[in-house]
Each structure stands twice: as structure tokens, then as C-alpha cells.
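Participant: Make a model of the complete structure from these sequences and hints.
Line by line, the protein sequences are chains A and B.
Quick note on this note's numbering: the first sequence kicks off at 1356 and runs consecutively.
Quick note on this note's numbering: the second sequence kicks off at 50 and runs consecutively.
Keep in mind the hints are simulated off the structure, nothing from the lab.
Note that this is a predicted model, so its numbers are computed, not measured.
From the structure, some residues in chain B lie toward chain A, with a derived Cβ separation under 8 Å:
id	residue
1	Ala107
2	Pro146
3	Asp183
4	Ile219
Straight-line distance between alpha carbons at most 25 Å, and here's what the computed SDA-like set of lysine to any residue pairs gives:
id	chain 1	residue 1	chain 2	residue 2
5	A	Lys1623	B	Ala206
6	A	Lys1623	B	Val111
7	A	Lys1544	A	Arg1376
8	B	Lys196	B	Arg70
9	A	Lys1568	A	Ser1546
10	A	Lys1400	B	Gln191
11	A	Lys1609	B	Phe158
12	B	Lys209	A	Asn1616
13	A	Lys1520	A	Thr1569
14	A	Lys1609	B	Leu213
15	A	Lys1611	B	Ala107
Note that CB positions come from ideal geometry on N, CA and C, so glycine has one too.
These are the residues of each chain, in order.
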Amino acid sequence: MALVGNLRDFGLSDFLYLVDRGYKTGGLHLAYQHEMALLFFEQGKLLLAVRRPEDVQASLLVRLGVLTAEELNRARSGLAMSADGTTLTQVIVEEQLVPRERLQRALQGFTEEAVYGLFAWPEGEFRFEQNQRPAHDTPVIPMPISVDHLIMEGVRRIDEWGRIKDRIPSTDMVAHFLEQPREHLKGVKLSTTEWRLLARINDRDTLAELAQKTGMSDFEVCRMVYGFLTTGLVEVQRKPRPTSRGPQPAELPKVKKSLVNRIIHRIKDM
Amino acid sequence: MQTVKMVVTGAVNAGKTEFIRSISDIEVVSTERRATDDTRMIKHETTVAMDFGRIAIADDLVLHLFGTPGQKRFDFMWEILSEGMLGLIILVDSTRPETFRETNRIIDFFVSFRETPFVIAANKQDRPNAWAPDELRLALRQPAHVKILPCVASDRASVKNILLELLYVIQENSEEA
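Facilitator: Printed below as a string of C-alpha cells:
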């Protein structure tokens, strides 16, 4: 079943998070005005991203200067003679038409640039077709890439409060490190400024206080924390206040188990 | 006569009124009116005050179900309704990702400041393009221990299941005797 929506309501970084944490396989189709994009994922990792329909074709490798037209023809012949399920990328690597690292670098760079551009879209319809895979002759990255650093880079390009406020509604919130940050967070690359902020996170200071201590603007701090949040490095919570809009813990009555059991039995009998 | 209260909340058109109607012993007391703002795009009538349903548990015990208004301008009602509640059901329209942010705001309001027993009901699972509970967990950034359950608010059995799952959460936090 497809997941459909609009980037205005469910941003690209949110979607990348969902694909990554859900180990999703499939094709993400995006459309905004006259533009399109297609991203293929395998087990949560990115295989290829294109911004033009023709870029899913093997000729992309010639345009990128990875293969000559003649080498591409050889690769296609090899693919035609290969067992079912073999991909063009595998043929190119196995027949050593181009070093694997060069193919990786070219397609990864192409894909990253395609994705970074998408973060500038203010909106756009998306449709995620679960288990849709690229055609066998579509060039894909030999070693699929983690989306974590794409999320961070995308967040760096956010220039409006709207997207950030969704998850960080005020600077009165406090950032906490997650107790068990995920293993592949090792792949996240932070800038010096981001490290400077990260080092200040202490479970006590609000984001406004962090801004004051680091000399950064509230927006800069919130944007960086939004990035940490999206990659699963930290979580944010409101600073506990003595008087809040929400009901206070003291109001919570401790319920008797016997009472709950009576209700359970009644509901079961309905 | 002892009364206990559960609150059913969620964004506009999440299915709160339907949820209570499916299980209430009595005709649900609603205060629906013709929608006059942007909710008009979604439904012709919406809950502007609240819904009220009732389940008689025994001669001496009644469960009240309150549905909160979904519109932002009635936020003030949430606090009033949540006073003394036993638990909370947060309904999500699984087919409308544009409501996930609002759902998060609601979760934040009801859950941030207290240990409220709650479950999230992923409503409209019978519709095409409904996001599955696992996908909603990621979309709403909810930890593994929070129950996110498939739901069809028009189906009494499904509503029963949600209530029971919430009661099991309440049971875990209740005291003996």
C-alpha cells in the first residue's frame, strides 16, 4: 500500500527518518509544480535519487562521465547474459568496467545533490510505493548510503521557522541526549558550530539559554537542535514549570486495580 | 454511584464522535454544529464543544466517555475535560498525514506534564492509503512502549479493543485492593 501526502505537512527529513527507522524498501515519488523526483530505497538506505525521468536510465553513467558509450554497451550485453536479478551496477563492478569506488563516488554525489535540492521545496505531493525497486538496468549506488547525513545537510538548508516550530515549538525547551543513540549515528558529520552547540547540551539549559551562552541566534540553535533531533541524537522536552497549562501530577488519582478489573470485565462482555 | 471518566481526543475529523457512538450505551450527546471555518473543507459538521457517551459498568459504577473538540480555538476545553480522567485515547486519522503535526501537539499537551495512561488509535485502517500503526509510530516519533493500535471507529469490536488496551495500561499503573 502506498503512503501518500504532501511535504508541506510531512517534511522530507521526516520522511527520510521514517524510511530509515522503518528499514523501508520502495520508491518515493515527488512532484512539485513542473518538477519531479524519484528516490529508491533498500532496507532504509538510499540507492539512487533522480530529478529527471531519463536519469533512471543507464545512459546516466555516460552523462556523468563514468562510462563511455562503448563501455555501457558492453555492460548491457553482460546484463542480458546474466542470471535473473542481476543489476547493471553488479555487472559493471564484476566486469571491472570501472572501479567500484569511482562508481560509488559518482552516483553518490549525483544522488546527494538531487536530494539536497529537494529540501528547498516548500511543498510537493509524495507517494511512497512500498517494495518498488529500480529496473535492473537502472544504475544504483553499489553501497547504498545512509540517509542520516542527508537529513543533517537538509536541515542546514532550512531558512524558515515554520518547519522547525513543528517539533520545537518554543525556545523554552530543554535538549537531552538519548540514552541509547543508535549505532549508525557514527555516520553523522557535524560542523564545528554544531559541535560547539552539542557540547553545551546539559539537560538543564533551555534552548534560549544555550543561544545566550554560545552567542548564536535562537533560530540557529533551534535549527541545529532540530537536526540533532531528526537524526535521533537528542530529544527535546519542555522545562518542567511549577505552574503550567497542563494538569498537575498531584491531580492524578491512584486507581484501584479492582475498579479497573470491573471495567475490563464489563467491556469484554459488551 | 461512582463515575469514572475517559477522554477521547484527536485532530479534526479523526473520528472521535464516531468512536464514542460505537460503544456508548446511550445516544451520544453531541454539540455538533455546521462548521464555519477551515474545517468546512473536511466535514460539514464538527464537534465544537464536546461529545458525551456513557457505559454502565454496574449498578454502582458508570464510565463516562468525553470527546474533545478538535479545533484549535477550543484548546481551553481540553484542560477542563482532562481533569480527573482515568485515561486517554488519542485518535489519528491514518489517511491524512497533514494532521500528524496537530496530533503531536495534542499528545504534547495531554502527556507532557503528567503520567497520563494513554493509547493512540490509528483510525480509518479500513481506508486505502491508511498509514499502518508502525509507520505512524515513526511519523509521530513515539517510543516503542506507547501502544499504537489499528482502529476503525465505526466498528464496535475495534472500539472495544482500543478501550481494553487502554484499560490494560491503566491496570499496570493501578494499586492493589
